[in-house]
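Visitor: Okay, here's what each chain looks like letter by letter:
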Amino acid sequence: MDMNQPVGATPLDNRPDGLVGKPIDRYEGRLKVTGRAPYAYEVREPRDPAYGFILGAGIASGRIRALQVGAARRAPGVLYVMTHETVPPQGEKSEQVFPQLQGTEIRHFDQPIAFVVAETFEQARAAAALITVQYDAATPKASLRAALPETFKPKKAQTEPDSALGDFEGAFQAAPVRLDVEYTTPPQIHAQMEPHATIAEWRGDRLVLHTSNQMLNRGRKSIATVLAIPEERVRLVSRYIGGGFGSKLQPQPEAILAALAARVVNRPVKVAMTRQQEFHVATHRTPTIQRVRLGADESGRLSAISHESWSDATPGDQFFETSANVTRSLYAAPNRLTRHRIANLNVPVTSSMRAPGEAVGQLAFECAMDELAERLNLDPIELRVRNEPAQDPEKGVPFTVRQLVPCMREGARLFGWDRRQAAGTRREGRWLVGLGMSAAARLNPLMPSSALVRLNPDGTLTVRMAMTDIGTGTYTILAQIAGEMMGLPVEKIRVEIGDTAYPAAAGSGGSFGAGSAGSALYVACDNLRRALLAKAGMNPEGADFQGGRAVSGNRSEALGDLAGPEGLEARGEIKPGSLKEAFSHYSFGAHFAEVGVDRDTGEVRLRRMLGVFTGGRILNAKTARSQAIGGMTFGVGAALMEDAVMDPRSGTFVNRDLAEYHVPVHADIPAIDAVFLPELDDKANPLKSKGLGELGICGAGAALANAIYNATGVRIRDYPMTLDKVMKGLEEQEGRGARRS
Amino acid sequence: MKAFSYERPKTVQEAAQIAAERPNARFIAGGTNLLDLMKLQIETPRTLVDVNRLPLDQVADTGDGGLRVGALVRNSELAAHPRVRREYGVLAKALLAGASGQLRNKATTAGNLLQRTRCYYFHDTTKPCNKRAPGSGCAAIGGYNRIMAVLGASESCIATNPSDMNVALRALDATVETVDAGGAARTIPIADFHRLPGDTPEIETALEPGEIITAVVLPKPVPGTHVYRKVRDRASYAFATVSVAAVIAHEGGRPKAARLAFGGLAHKPWRVEAAEAALVETGQAEAAADRVLEGAKGYGSNDFKIPLTRRTLRAVLAEIA
Chain A
1 MDMNQPVGAT PLDNRPDGLV GKPIDRYEGR LKVTGRAPYA YEVREPRDPA
51 YGFILGAGIA SGRIRALQVG AARRAPGVLY VMTHETVPPQ GEKSEQVFPQ
101 LQGTEIRHFD QPIAFVVAET FEQARAAAAL ITVQYDAATP KASLRAALPE
151 TFKPKKAQTE PDSALGDFEG AFQAAPVRLD VEYTTPPQIH AQMEPHATIA
201 EWRGDRLVLH TSNQMLNRGR KSIATVLAIP EERVRLVSRY IGGGFGSKLQ
251 PQPEAILAAL AARVVNRPVK VAMTRQQEFH VATHRTPTIQ RVRLGADESG
301 RLSAISHESW SDATPGDQFF ETSANVTRSL YAAPNRLTRH RIANLNVPVT
351 SSMRAPGEAV GQLAFECAMD ELAERLNLDP IELRVRNEPA QDPEKGVPFT
401 VRQLVPCMRE GARLFGWDRR QAAGTRREGR WLVGLGMSAA ARLNPLMPSS
451 ALVRLNPDGT LTVRMAMTDI GTGTYTILAQ IAGEMMGLPV EKIRVEIGDT
501 AYPAAAGSGG SFGAGSAGSA LYVACDNLRR ALLAKAGMNP EGADFQGGRA
551 VSGNRSEALG DLAGPEGLEA RGEIKPGSLK EAFSHYSFGA HFAEVGVDRD
601 TGEVRLRRML GVFTGGRILN AKTARSQAIG GMTFGVGAAL MEDAVMDPRS
651 GTFVNRDLAE YHVPVHADIP AIDAVFLPEL DDKANPLKSK GLGELGICGA
701 GAALANAIYN ATGVRIRDYP MTLDKVMKGL EEQEGRGARR S
Chain B
1 MKAFSYERPK TVQEAAQIAA ERPNARFIAG GTNLLDLMKL QIETPRTLVD
51 VNRLPLDQVA DTGDGGLRVG ALVRNSELAA HPRVRREYGV LAKALLAGAS
101 GQLRNKATTA GNLLQRTRCY YFHDTTKPCN KRAPGSGCAA IGGYNRIMAV
151 LGASESCIAT NPSDMNVALR ALDATVETVD AGGAARTIPI ADFHRLPGDT
201 PEIETALEPG EIITAVVLPK PVPGTHVYRK VRDRASYAFA TVSVAAVIAH
251 EGGRPKAARL AFGGLAHKPW RVEAAEAALV ETGQAEAAAD RVLEGAKGYG
301 SNDFKIPLTR RTLRAVLAEI A
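As they're listed, the protein sequences go chains A and B. For the first sequence, the numbering used here begins at 1 and goes up steadily by one. For the second sequence, the numbering used here begins at 1 and goes up steadily by one.
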């Protein structure tokens, strides 16, 4: 099925009490919390694995002059030490997956320079520490701020780095009210619980990788390209994943190294990154410097919008953080400019993380809107309502469904937005209390996917696709979709995913997983329904599937009987079509946050938070809400604490463990809730659903930042808003107060 | 992790002897800090002396109204002890402000006393650090030093002691009881237990090789209001940016007696008795803060700790008043 026209009535529309949408517990939840869901590192299938350990470079720029591995080779249990001198030949870089141990050049700190394989993990790690290296070290370039003069326009990725409409500069200069602000966001680490891990096993000339990966078909292609072997000889298996947040969209170095070494030692090789390696060997989110300029009239109508973003990339790569992309579609204004620039620095690979682009872009832009509202003495919601576009302002096409205004209105009502006071006026004991809001918007893409369903003679249904579940609930929603389509309870559905041996699927990323994979499954089930009715000679007109039976007219047949002794299979496929460009595809929402700021220490604590979202048809009320509040929680992290601190002298993230790189913990997240407004998007996909995985983080941190301003009257433009920055603002404010009095 | 031998002595004496005889031996109890450091090869003991089975896990009254806390008493047990909760509130609060529930269940009193710094550069073996590799230099000076010391630091080291418990013990004037390999016992006042870095930041305490902590003794309770205020970057499981342990007794609306100790500022829990005297004398938080912060020096990203200490002390004293 190609999405060339809006979806008409579907079987999912018929049954408001059907399985789809029900708050069913995650199928694999109990398996995970009881340790029965094996992660990649724990899979027992490859027998007698050896253990690998990655040794990283101790410098961020320069060359390896010499490297002594004798002691490591002789160390107990060591089977193999792989370095740039001994690494087998490899192919080309594929997307952001790099061949490993290539030559002596060091581009970033902790870049893998050796891979030690031993009988045990401890032996491999101890032996790696025996390797000595002499470097010709160069001074690393690791400060984005310092590199601003040499930033350049990156190559087009999925989107153009620049856009322009009308005459921004002229309109901005002519605007009666102008705002010109710079916001900065720090490097961030995905901090998923399960580290990157792989067990590589060669079966003849075929490679099987048990690896923690979000997008298996893309990963297989990258692995094949980097290893220079045909794609058909590579199989990726990833049945259970302990979080990814974008860091597992692509294979990371440990997978390449394990595959290379396993062939040499002729044994399966397993490797997991240490938590410290997660900061440098795996990918991370770049810091950004963002400039937002807004020109408006006295009533708040925007005439000029500009959003520029600078980010960094590892040498030889042009990944850019698309901070300003969402700005192209969010608010109306005739004159517009967006621009992305990058610098190549001696930093690890920068890549996608939790709503790449929107997450940090809205941290800046949604605060700028708050600043403009304050300047105009206008309610921030009202400012946004006044700039609500009739269609996508840059693409010039309608939105599929856009309910930003209803989300803001409903959120305001539920949250008690009318109780918001003027900045710096509400106090409860030592706490200064403030409310803030932000809009949320996230692209809703559809990706090609395919699925296989098999109705078994016993009346159960098997679903197969190379889809993944990264903790989002994919297993569960696929069972719900198949169950409702076929009239079967979820217990009769067996979902088999996480294996490239199954039909290719989108994987989990970019908020496209449920919509894309779910739609392929929908189509497969639709085809199975037709095939069953045809086989039984039943009239498809008015036919229904319920209670494990196909019913049409006065006939009713058990599905198992219809399947026959061989069972019956059907396939389904979904592809984006002409609707992709004919409409602007976004999910929308609004965040509301209340914070307390300690007036002495500047500590900020979230007191309550609400997100109101639209995501088309909600496939599972529980997993949808969990995803939304998970995203909001990461928004709290971005606003208040997440900060991978780069020491530019050494190109090193210094706080590289979870004791010093802070993400919110339970005590940081008090009353938090997410609600969804009713919506169906018939131009998105046959499920009429929209992506939700990343919507929760988009704008969430900005709502907190705006609440901090409302609490204190102090505007901080440098994320995260840690107590030292807030306290400094409070001190300056007190100083001004003292001078006035 | 380097290979090591493992010993599980049955008596305190035996433990001390093994530790004294073997080069580079370490006692292990909860292991919440040591094991992390061993994985990173920051600690590379050749012998681990497991003291968990030694009879040092009791809390007992001393004859003179104080409390003797066995070296192996877990942080969570100590925080929950009825007398600690009732009479040593500042200690109970400090303990509960530290780490996480899981860690407090494992971590011991002596282990917490010996907890090592969180300095980022100490934790990165590719960087110079005089504490980890004496003579190699200090990467924190001129680097990112938001969590580093502003008092008592040296050109060799600006690391801080990360413990919350130690700050409360300092305010309470606790003493540390030890036994050495020869069986000799001694008592070390908490003020002398932790050292300033000076030229030898690798030497962090007054303990001699093989000397083993057997108990921490709390003198009889200090009357007054007990407060532990920890200023932190998130609500749970974060080390203090600055913390204040305060025990203040009032009379006629003025402080009559004061104990003030600070965490996050130095290589050891920081206490300036002259500041306490100034507070009692003037009743002014500013007067006390001036004394506490005498000689304070920021290194860039930790400059904020100086005004933060002043503001936190002011808030704590206002809260108690």
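The set of hints was computed from the structure by calculation and includes no laboratory data. Accuracy of the hints is not assured; some may be wrong.
Each computed DSSO-like pair below joins lysine-lysine, with the alpha-carbon atoms no more than 27 Å apart [as the list claims (entries may be wrong)]:
| # | chain 1 | residue 1 | chain 2 | residue 2 |
| --- | --- | --- | --- | --- |
| 1 | A | Lys728 | A | Lys155 |
| 2 | A | Lys535 | A | Lys155 |
| 3 | A | Lys725 | B | Lys297 |
| 4 | A | Lys492 | A | Lys622 |
| 5 | A | Lys32 | A | Lys22 |
| 6 | A | Lys156 | A | Lys221 |
| 7 | A | Lys32 | A | Lys580 |
| 8 | A | Lys32 | B | Lys106 |
| 9 | B | Lys297 | A | Lys728 |
Because the structure is a prediction, the values reported are computed rather than measured.
Visitor: Hint by hint, note whether the structure agrees.
Guide: Cross-check of the supplied hints:
1. Lys728/A to Lys155/A: 40 Å, violated
2. Lys535/A to Lys155/A: 53 Å, violated
3. Lys725/A to Lys297/B: 19 Å, holds
4. Lys492/A to Lys622/A: 21 Å, holds
5. Lys32/A to Lys22/A: Given pair lysine 32/A, lysine 22/A holds - Cα atoms ~21 Å apart, limit 27 Å.
6. Lys156/A to Lys221/A: 21 Å, holds
7. Lys32/A to Lys580/A: Between lysine 32/A and lysine 580/A the Cα gap is close to 37 Å, so the pair fails against 27 Å, i.e. violated.
8. Lys32/A to Lys106/B: 25 Å, holds
9. Lys297/B to Lys728/A: It holds: about 17 Å lies between the C-alpha atoms, which stays within 27 Å.
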